[in-house]
Amino acid sequence: MARWLSFFEEYNFQVELKPGRLNVVADALSRRPDYAVHKADANATGVARTSTPSSSLLDDVRSAYTNDADAKQLLDYFAAPSDKSRQKLAKHLRARVHRYRVHNGLLLDSAVDDNADRIVVPDDRELKLRITYEYHDAPTSGHQGRVV
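Last residue of the sequence shown: 148 (full-length UniProt numbering), numbering continuous.
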């Protein structure tokens with residue numbers, strides 16, 4: 001360090017801070033010439049977008065539908081779909097009923113245009129906490145647990 005200080009003492013210069021992207025010269029000089037920035041599609045690299053829930057969790061979701069008014073209405077409608085049963089749905093459900101379907105007793109929602117069905121989680125606080133724990137706080141989820 002002392003050698004560099006004595007070397008720079010011979011020159012008259014002033015250090016100015018140029019933050020981030022404004023300092024393109026330093027960025028270009030410090031970039032490795034053999035490194036090219038690539039943008040990759042997450043699906044193309046084999047990264048899984050979804051997780052498969054355990055069968056006990058799915059059973060708990062199915063049983064919790066009985067205590068959720070919206071889910072119960074939708075399940076009743078899909079058990080025997082007709083114009084008459086559609087009119088019995090709440091107005092907010094009637095407008096979105098085309099997005100839902102039932103598979104293996106689970107209510108699925110395809111709200112986004114990516115052809116991905118999502119399991120409708122009933123309004124059950126304990127069930128939502130369990131799902132959050134299993135998919136967010138678990139050690140395999142990439143997060144290191146939650147503060148207790």
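Just so you know, not all the hints are guaranteed correct.
To be verified - With a straight-line cut-off of 27 Å between C-alpha atoms, the simulated DSS-like cross-links for lysine-lysine are: (1) K128 - K72; (2) K72 - K84; (3) K88 - K72; (4) K84 - K128; (5) K72 - K91.
Quick caveat, the hints were computed from the structure, so don't treat them as lab data.
Practice task
Would you pick out the hints that fail for this structure and give their numbers low to high?
Solution key: 4
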